[in-house]
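Participant: For the sequence shown, position 59 (counting from the first letter as 1) is numbered 59 according to this note's numbering, and the numbering increases by one without interruption.
Treat the hints loosely; a few may be bogus.
[As the list claims (entries may be wrong)] Label pairs and their calculated CB-CB ranges: (1) Thr71 - Ala104: 20 to 30 Å; (2) His102 - Phe46: 46 to 56 Å; (3) Gly149 - Leu108: 24 to 34 Å; (4) Leu41 - Val78: 53 to 63 Å; (5) Phe43 - Ile98: 25 to 35 Å; (6) Leu49 - Leu108: 41 to 51 Å; (7) Glu154 - Asp117: 12 to 22 Å.
[Said to hold, decoys possible] Quick list of in silico lysine-lysine cross-link-like pairs, BS3-like style, CA-CA up to 25 Å: (8) Lys100 - Lys80; (9) Lys113 - Lys101; (10) Lys80 - Lys101; (11) Lys100 - Lys113; (12) Lys80 - Lys113.
Derived from the structure by calculation, the hints contain no laboratory data.
Fair warning: this is a prediction, and the values are worked out from it, not measured in the lab.
Cβ coordinates follow ideal geometry from the N, Cα and C atoms, glycine included.
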Amino acid sequence: MKVQAEYLSKSISENSCPGSRPTAGEYQDAFSQELVNNRLLCFFIFLILICFGQTNAKASSDLPEISFDITESSELTVIKTRVSGVQNTADTYQYQQIIKKHSASGSLSTTQKGNIDLCCETEKIINISRIKMGKDEQYALHFQLFQDGALLTERNININGNDVYPTNTH
């Protein structure tokens with residue numbers, strides 16, 4: 001409060017005649033002006049925060065969704081990776097899909113890259129063939145979606161024998 005009073009005294013003394021003592025009205029005018037300035041500053045900060053919050057909320061709700069459909073038989077496993085976009089958008093995305101096979105004999109990795117136009121729902125199907133996969137074998141599928149080089153969302157899934165384990169999503 002002392003700092004505020006010193007600031008108001010300095011502000012009043014700059015605007016009044018030298019050697020004169022400020023009146024109560026001058027103190028009140030200076031205090032009122034300071035109060036108005038503080039309220040305006042708070043209002044603009046609040047407005048900026050609201051606008052920023054709405055922009056972020058919109059961006060997160062407009063992200064495409066990644067889902068996996070898995071069909072297994074005794075000889076073939078088919079993983080359908082579905083990327084559902086936002087309707088009526090002209091955005092183009094880049095994707096990278098990495099499939100890793102781990103077994104006792106070693107690991108094998110394949111990578112696919114491409115573009116997806118999400119003006120409507122798009123579906124990419126990845127076929128993984130296996131014949132009676134042993135208990136020591138497992139597959140990991142990592143799907144990433146980018147826009148202009150920036151990672152938007154990703155999803156991982158692990159397949160071990162006949163069990164499927166979704167691991168994470170962004």
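Participant: Look at each hint and say if it fits the structure.
Facilitator: To see whether the hints hold, each was checked on the structure:
For the pair Thr71 and Ala104, the supplied restraint of 20 to 30 Å holds, since their beta-carbon distance comes to about 26 Å. For His102 paired with Phe46, a C-beta distance near 53 Å keeps the hint of 46 to 56 Å intact. At roughly 28 Å, the beta carbons of Gly149 and Leu108 sit within the given window of 24 to 34 Å. A hinted range of 53 to 63 Å holds for the C-beta pair Leu41 and Val78, which are about 60 Å apart.
For Phe43 and Ile98, the hinted distance range of 25 to 35 Å is not satisfied, since their beta carbons lie about 49 Å from each other. A C-beta distance of roughly 50 Å is found between Leu49 and Leu108, which places it inside the suggested range of 41 to 51 Å. Our hint of 12 to 22 Å for Glu154 and Asp117 holds, since their Cβ atoms are close to 19 Å apart. Distance hint between Lys100 and Lys80 is fulfilled; the C-alpha atoms sit about 16 Å from each other, no more than 25 Å.
Distance hint between Lys113 and Lys101 is fulfilled; the C-alpha atoms sit about 18 Å from each other, no more than 25 Å. At most 25 Å may separate the alpha-carbon atoms for a hinted pair to count; Lys80 and Lys101 meet this at roughly 17 Å. Among the hinted pairs, Lys100 with Lys113 is consistent with the structure: their alpha-carbon atoms are about 15 Å apart, no more than 25 Å. For the hint linking Lys80 to Lys113, the alpha-carbon distance of about 16 Å falls within 25 Å, and the restraint holds.
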